[in-house]
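2 protein chains.
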Amino acid sequence: MSVTAAKGFTAAGIAAGIKENGNPDLALVVNTGPRRAAAGVFTSNRVKAAPVLWSEQVLKSGQVSAVVLNSGGANACTGPKGFQDTHATAEKAAEVLGRGAIEVAVCSTGLIGVLLPMDKLLPGLEQAAAALSEHGGEKAAIAIKTTDTVHKTSVVTKDGWTVGGMAKGAGMLAPGLATMLVVLTTDADLDDETLDKALRAATKVTFDRVDSDGCMSTNDTVLLLSSGSSGITPAYEEFAEAVRQVCDDLGQQLIRDAEGASKDIKVEVINAATEDDAVEVGRSIARNNLLKCAIHGEDPNWGRVLSAIGTTRAAFEPDRLNVAINGVWVCKNGGVGEDREKVDMRYREVHIVADLAAGSETATIWTNDLTADYVHENSAYSS
Amino acid sequence: MSVTAAKGFTAAGIAAGIKENGNPDLALVVNTGPRRAAAGVFTSNRVKAAPVLWSEQVLKSGQVSAVVLNSGGANACTGPKGFQDTHATAEKAAEVLGRGAIEVAVCSTGLIGVLLPMDKLLPGLEQAAAALSEHGGEKAAIAIKTTDTVHKTSVVTKDGWTVGGMAKGAGMLAPGLATMLVVLTTDADLDDETLDKALRAATKVTFDRVDSDGCMSTNDTVLLLSSGSSGITPAYEEFAEAVRQVCDDLGQQLIRDAEGASKDIKVEVINAATEDDAVEVGRSIARNNLLKCAIHGEDPNWGRVLSAIGTTRAAFEPDRLNVAINGVWVCKNGGVGEDREKVDMRYREVHIVADLAAGSETATIWTNDLTADYVHENSAYSS
Numbered sequence: 005m006s007v008t009a010a011k012g013f014t015a016a017g018i019a020a021g022i023k024e025n026g027n028p029d030l031a032l033v034v035n036t037g038p039r040r041a042a043a044g045v046f047t048s049n050r051v052k053a054a055p056v057l058w059s060e061q062v063l064k065s066g067q068v069s070a071v072v073l074n075s076g077g078a079n080a081c082t083g084p085k086g087f088q089d090t091h092a093t094a095e096k097a098a099e100v101l102g103r104g105a106i107e108v109a110v111c112s113t114g115l116i117g118v119l120l121p122m123d124k125l126l127p128g129l130e131q132a133a134a135a136l137s138e139h140g141g142e143k144a145a146i147a148i149k150t151t152d153t154v155h156k157t158s159v160v161t162k163d164g165w166t167v168g169g170m171a172k173g174a175g176m177l178a179p180g181l182a183t184m185l186v187v188l189t190t191d192a193d194l195d196d197e198t199l200d201k202a203l204r205a206a207t208k209v210t211f212d213r214v215d216s217d218g219c220m221s222t223n224d225t226v227l228l229l230s231s232g233s234s235g236i237t238p239a240y241e242e243f244a245e246a247v248r249q250v251c252d253d254l255g256q257q258l259i260r261d262a263e264g265a266s267k268d269i270k271v272e273v274i275n276a277a278t279e280d281d282a283v284e285v286g287r288s289i290a291r292n293n294l295l296k297c298a299i300h301g302e303d304p305n306w307g308r309v310l311s312a313i314g315t316t317r318a319a320f321e322p323d324r325l326n327v328a329i330n331g332v333w334v335c336k337n338g339g340v341g342e343d344r345e346k347v348d349m350r351y352r353e354v355h356i357v358a359d360l361a362a363g364s365e366t367a368t369i370w371t372n373d374l375t376a377d378y379v380h381e382n383s384a385y386s387s
Numbered sequence: 005m006s007v008t009a010a011k012g013f014t015a016a017g018i019a020a021g022i023k024e025n026g027n028p029d030l031a032l033v034v035n036t037g038p039r040r041a042a043a044g045v046f047t048s049n050r051v052k053a054a055p056v057l058w059s060e061q062v063l064k065s066g067q068v069s070a071v072v073l074n075s076g077g078a079n080a081c082t083g084p085k086g087f088q089d090t091h092a093t094a095e096k097a098a099e100v101l102g103r104g105a106i107e108v109a110v111c112s113t114g115l116i117g118v119l120l121p122m123d124k125l126l127p128g129l130e131q132a133a134a135a136l137s138e139h140g141g142e143k144a145a146i147a148i149k150t151t152d153t154v155h156k157t158s159v160v161t162k163d164g165w166t167v168g169g170m171a172k173g174a175g176m177l178a179p180g181l182a183t184m185l186v187v188l189t190t191d192a193d194l195d196d197e198t199l200d201k202a203l204r205a206a207t208k209v210t211f212d213r214v215d216s217d218g219c220m221s222t223n224d225t226v227l228l229l230s231s232g233s234s235g236i237t238p239a240y241e242e243f244a245e246a247v248r249q250v251c252d253d254l255g256q257q258l259i260r261d262a263e264g265a266s267k268d269i270k271v272e273v274i275n276a277a278t279e280d281d282a283v284e285v286g287r288s289i290a291r292n293n294l295l296k297c298a299i300h301g302e303d304p305n306w307g308r309v310l311s312a313i314g315t316t317r318a319a320f321e322p323d324r325l326n327v328a329i330n331g332v333w334v335c336k337n338g339g340v341g342e343d344r345e346k347v348d349m350r351y352r353e354v355h356i357v358a359d360l361a362a363g364s365e366t367a368t369i370w371t372n373d374l375t376a377d378y379v380h381e382n383s384a385y386s387s
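Heads up: the protein sequence lines correspond to chains F and S, in order.
Residue numbering for the first sequence follows the numbering used here, starting at 5 and increasing by one per position.
Residue numbering for the second sequence follows the numbering used here, starting at 5 and increasing by one per position.
What the hints contain is simulated information worked out from the structure, not anything from laboratory work.
A pair holds if it fits inside one copy or across any two, identical chains being indistinguishable in the list.
Straight line, CA to CA, 30 Å or less: simulated DSS-like cross-link-like pairs of lysine-lysine:
hint	residue 1	residue 2
1	K124	K336
2	K346	K85
3	K85	K336
4	K346	K124
5	K162	K201
6	K208	K267
7	K336	K346
8	K124	K85
Because the structure is a prediction, the values reported are computed rather than measured.
Between the sequences and the hints, there should be enough to build the whole structure, so can you do that?
As structure tokens, then:
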């Protein structure tokens with residue numbers, strides 16, 4: 005499953021000793037098919053980790069033979085030495101796999117500002133190459149976990165072709181890509197431009213709308229690789245929809261595993277004048293710490309929703325706003341609506357609908373509640 | 005002291021029964037001097053409470069005779085009835101004081117979306133008027149507290165004239181005005197245009213740069229009233245500096261009393277290309293939940309500072325950024341700097357310096373850490 009569900013890919017996940025606790029920390033995904041087309045989307049943070057700077061160069065050719073992913077260190081803010089280490093990683097992987105280094109993408113995740121233990125990572129690549137298997141997708145997904153409590157994979161199989169993938173991410177989930185590493189693979193026979201178009205369309209409405217804590221990482225990477233091994237070239241729309249489904253599924257898994265969260269909050273903005281307005285309002289609500297605390301306390305505090313809407317530039321009139329929480333319209337026309345006591349908030353999923361009454365566009369942003377566990381997990385010495 | 009430090013003002017603070025726990029909840033400030041000039045700055049939230057909408061109208065004349073302030077209810081998102089209640093409050097105050105209602109500003113703070121108990125508030129105004137005193141400033145400051153653990157006052161006395169004031173605010177502290185009510189008074193003899201200029205200049209570099217939790221309220225109000233009772237008209241620069249000092253002092257008191265906080269964080273951005281860049285970067289750092297958790301854990305996690313800087317549009321090169329935490333330059337040229345073990349974070353105040361190496365402008369934003377206590381305080385049923 006995972007990245008090896010599609011034909012033409014092998015993968016491995018091993019413990020190279022990068023993590024001090026001995027857990028798996030190095031994954032390898034290799035394209036063994038006739039095609040090596042690929043597309044990538046990266047963090048929009050201007051402080052980019054060395055592996056992001058490297059992989060952006062790799063993707064310019066539209067060709068990726070292999071992806072090296074390590075947990076246990078982000079290799080971000082590590083200066084010229086950090087970039088050299090990423091380059092050496094690609095060179096070593098190319099050597100053991102018999103490929104060109106410029107076709108090897110590299111992804112890293114973990115603590116910022118610490119150099120990777122290359123004396124562990126480089127030998128680990130030999131071990132990982134030896135472990136490559138058509139059934140290695142699960143192990144690869146496990147090896148990229150950091151504070152993730154579960155590994156995340158998803159597969160959509162259509163008529164003779166498949167899109168599958170894996171993701172890691174549990175904190176620093178933010179807009180302009182949730183913070184995470186994702187590798188998607190397909191055996192559909194498509195060129196890099198088509199992959200790029202489908203990937204950007206999918207991430208825009210999935211990962212870009214997952215906003216756990218408003219913190220954008222330095223390492224976000226989503227890659228989509230095609231082996232062409234199915235020999236089938238599906239219609240673009242059908243392929244794009246399959247990619248969107250896998251991205252949506254993985255995005256949901258990220259939210260459900262967000263650090264310290266006890267609630268998954270679906271913020272649906274309706275009747276906006278434009279889709280951009282809907283996204284801006286959704287993000288503003290999703291990032292409001294006071295509201296996130298209220299949801300944690302199972303308090304349908306619609307005043308904090310209105311307060312968040314009010315900070316945006318979206319088109320709306322305050323006295324026409326409506327807000328529903330778990331199906332109860334607690335705010336009507338900018339004031340008190342149905343009885344808030346009717347709102348049942350016992351379950352993990354909470355659904356907030358913000359009706360701007362200004363048009364017909366809509367957008368959904370996913371976030372989590374703010375909990376004492378989030379604080380504890382992120383205030384422990386350097387995670 | 006407080007709003008009665010300057011000559012020509014009386015004040016009172018009483019318990020009208022608006023708060024169910026019987027604590028003081030109604031304050032009155034009355035200008036008894038020859039002048040009734042005033043200026044006001046209000047929340048930039050587009051969802052404005054009824055008292056804000058009313059007081060904005062009052063301030064258009066540049067004249068304020070009295071200010072009514074209540075805690076125990078924000079009268080926000082309360083529709084036409086809420087606005088009628090504010091209007092009735094001003095009418096009643098005008099009646100008992102023998103002034104015009106259009107010269108009575110009204111401020112409310114407390115829960116959003118609940119109507120005020122007018123059967124308690126209106127009789128309370130008679131009681132407050134009877135209690136007015138030239139020594140009532142302290143009681144007024146106490147009556148406007150919500151989750152504040154202490155009342156906040158500040159006074160600057162110059163050569164024959166005084167600027168004094170009171171503030172409330174402990175949560176929902178955010179940009180474009182920290183969430184709060186502030187009344188400043190002076191006996192300096194100045195017209196409303198001069199007051200307005202000095203007040204806007206002061207709030208821009210004080211309250212606007214206090215950002216406890218990134219949440220902007222619907223009720224923020226800062227008023228500056230002149231009684232002219234000193235008969236002295238100071239030079240503008242001297243007066244403006246006194247107003248800035250009082251605002252700065254009150255802003256610091258707000259940060260030190262922020263809900264659940266264990267650290268006060270001074271984020272100083274230096275060597276920015278523009279002041280706007282410095283403010284944007286400062287805000288981004290001040291709002292980063294992961295960094296705020298790290299500071300709570302006394303972890304000098306400079307990677308999260310860089311990550312926050314990277315989300316801005318400010319002019320900078322990632323490999324020229326420097327970050328100091330409590331005097332130790334833990335990040336130099338975008339990478340590892342001095343030993344992070346040298347950073348002493350045992351004290352309440354934490355000083356972060358972000359050097360953009362892109363110019364010579366600077367700005368300071370104050371914020372707090374993110375704590376389990378903040379979550380507890382704000383997840384309790386409706387605060």
